[in-house]
Amino acid sequence: MNLRLPSETVRLLIPALSLTALLAAVFWLQPRAMSYIGLNLLFNLAVPIALATIAQMLIMAVNNLDLSMGAFVSFVACVAATFLHDTPLLGWLILLAAIAAYAALGVIIHLRDLPSIVVTLGMSFVWTGLAVLLLPAPGGQAPEWARWLMTAKPPLVPMAIVASILIALVGHLIVMRSSFGVLVRGVGGNERSVERAGWSVLAARAGAYGLAGAFAVAAGIALVGLTTSADANIALRYTLLSIAGVILGGGEFVGGRVSPIGAVIGALTLTLAGSFLSFLRISPDWQIGAQGAILVIVLALRLLLNRLENRERRR
Amino acid sequence: MTHKTAPAHPIIEVEDARISFGAVRALDGVSLAIMPGECVGLVGHNGAGKSTIVNVINGGLTPDTGRVASNGGALERYGINVARAHGVRCVFQELSLCPNLTVAENVRIMHRNLGGAGWRGRARRIIGESLDRIFPDHGIDGDETVGTLSIAERQMVEIAMAFSDAGTPPRLVILDEPTSSLDASLARQMLTHVRRFVEAGGAVIFISHILHEILATADRIIVMKDGRIVAERPAGGFDANSLFEAMGSVAKGAAARRQNRDLAAAPIVLRQTGSGLPFTAREGEIVGLAGLSGHGQTEMLLKLHALRSGNWRPRRDPAVAFVAGDRRLNGIFELWSILKNLSVASLGDLTRHGLVDEKAEEARAESWKARIEIRTQSMANPVLSLSGGNQQKVLFARALSTRAPVVLMDDPMRGVDVGTKQEVYRIIRSEAEAGRTFVWYSTEMEEVCLCDRVYVFREGAIVAELDGDEVSEKNILAASFQGAAA
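If you're matching them up, the sequences are chains B and L in order.
Numbering (my numbering) for the first sequence: 1 to 315.
Numbering (my numbering) for the second sequence: 1001 to 1486.
No wet-lab data here; the hints were simulated from the structure.
It should be emphasised that the depicted structure is a prediction, and the values quoted were computed from it without experimental measurement.
It is possible that some hints are incorrect.
[To be verified] Stretch-level coverage of chain B by chain L, calculated; a stretch enters the list once three of its residues show a Cβ under 8 Å from a Cβ in chain L:
# : stretch
1 : 177-186
2 : 195-206
3 : 248-261
[What the hints assert, rightly or not] Partial list, derived from the structure: chain L residues whose beta carbon lies under 8 Å from chain B:
# : residue
4 : LEU1097
5 : LEU1101
6 : MET1110
Ideal placement from N, C-alpha and C gives every residue a C-beta, glycine not left out.
With the hints as constraints, model all of the structure from the sequences given.
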């Protein structure tokens, strides 16, 4: 009778199955995608999205939401295509300062008990403004090493897959295995009991925000590595994509229930959904709607599963 | 009751602690000392200050005046971490684990100094050993997510966590209603462990509403009432009756009770059957829901509410009004004015051609302000400018100003001062005379005794119905503690 899978595994099942189903459909429509180059093309834009999704997931782990993710990644991309290429030292300093700014946001949101949505929405205009100041018109150039990193061709498995697995593993280690990750998720699950155990919730939240900033910086650099140049609006859709990715991957808006592996799978699924619709020759006008439909289907499945799980628990 | 060579210094000593929250005096000069090797029982009615003194001892609250000392020396800057370093552990009344984490991860949160490589294994071992010691055959795995455990299992984990040793051994464990979700055999295992722990020189503060547990387990019993210690004796000096007496409840004020009203002829307006006795309420009746908190009273109110309110479209004539107990959570609109908070439930009546008739709204608010004496300069002030008791009055006015013939109340007097309570009781009684039906869940005996008829709940079902003169503290306590056996 005790056929109870760990609930974490059950939560990962739906995103993994959706990705497999989509992938099978893509291969069926376009068998040539089933190759080293094909897979790389399908997935390489997923790498920055996966990084941004992990960043968003960290914020959601402490029951907050970051609406500035897209603007921030765009800003980082602009810094990477200008300062990081021309004067690397200054470029890194700017990026470090940006990460510190993220941590500071966490502090402010916690101390003043502000709604994170409002604060990050405001910050999104700040980041976009800074990005426009840096690159009023599309341009700039990616640093050589970023370019090299994103176009590397490891044997057997394409870079996009290697990078995705790496991101998932690093995310898993930090968020699911480390003490810090436990603390961050604990804040999401029951802030009061964390406080009663003598931890500083402020430090945990600041840490989560700072780490999210670091992942978002990585997302921006990866994006520039792929596109070779940047634009102030290059990643604006990342805000919603990253939130959708977290939810798709089995995460929740509140309660500290997140899964880095799921988040990466979610990001891959979202990227793949776009390609799938192109292969179906659905006009781009309809694609966003169709993408939404895919999201709705996956989330409906998840709801169903949750309900079954709850019913079983009540017995 | 062992008289070993007890060390002279108490583990924790609180001296003359005073705390008030707004108008409510939570602690009014409490001094107590906990010696090693004793189990102190702490009893008192809801709101007597038990939880507050517990929070002072565990460092979560700093008293307005008074001091905390340990091992004979006063502690400056006493706080959570200092308390934990002195071996103070606490199992709270409400479950306080992180439901999204595994058992082992929760151990990591509780024990700050557990870090370093391999903490997962250590955490599993620590909690496993502690669980084995207290609850043999518990069957809980350290890698299970807490959210998937049953309530009893969570409670067991929490208790085991408090008694576990990860570096700083526990010296004083505070158990706040620890047995409320354990069945009898688990409760016995826990109480046996408490005795073992105390024999070995530890100290326990034991809070419970189940008096025979306290009488059987504690060495010394402290009775609190209205933020003060009113009696303190060795456990042998009390029996169940003298404890009730010391808790000093309404028995004396019985004269002020409502006169019995014969309502047998009044039509039945509410009816609900479920496990246990059926529930009915008649027109103009005040029906009390009693029993220990969390035994299904709130669920009953929600069921009654769902039964009588439209599912999708609001009804033209509201059938029920609800007064929420947790006003912060589901009562007031914090950003709105008093006026808006009051009128929101009856906007349907105040609307003409789809627009709110502001004159009528104001007139109604003013009349209610006068009727129930909301203390404010202007009804346009934000609702948070009111004291808690007055906020609660606004919620009452919101419900009473509707035309709903039935008012459901979910322990609405929590944290309300005595004066306000008396005023609200008067309003309820006069409204009931006028034919309104009240269904009143209360955790306070005094309020339950104001009702015409009382249903006593235990484990989600009605186990007793008390009518007229049968409504007394003694009968209610008997039914809620022994309902299962009867």
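Checked against the structure, which of the hints given earlier come out wrong? none
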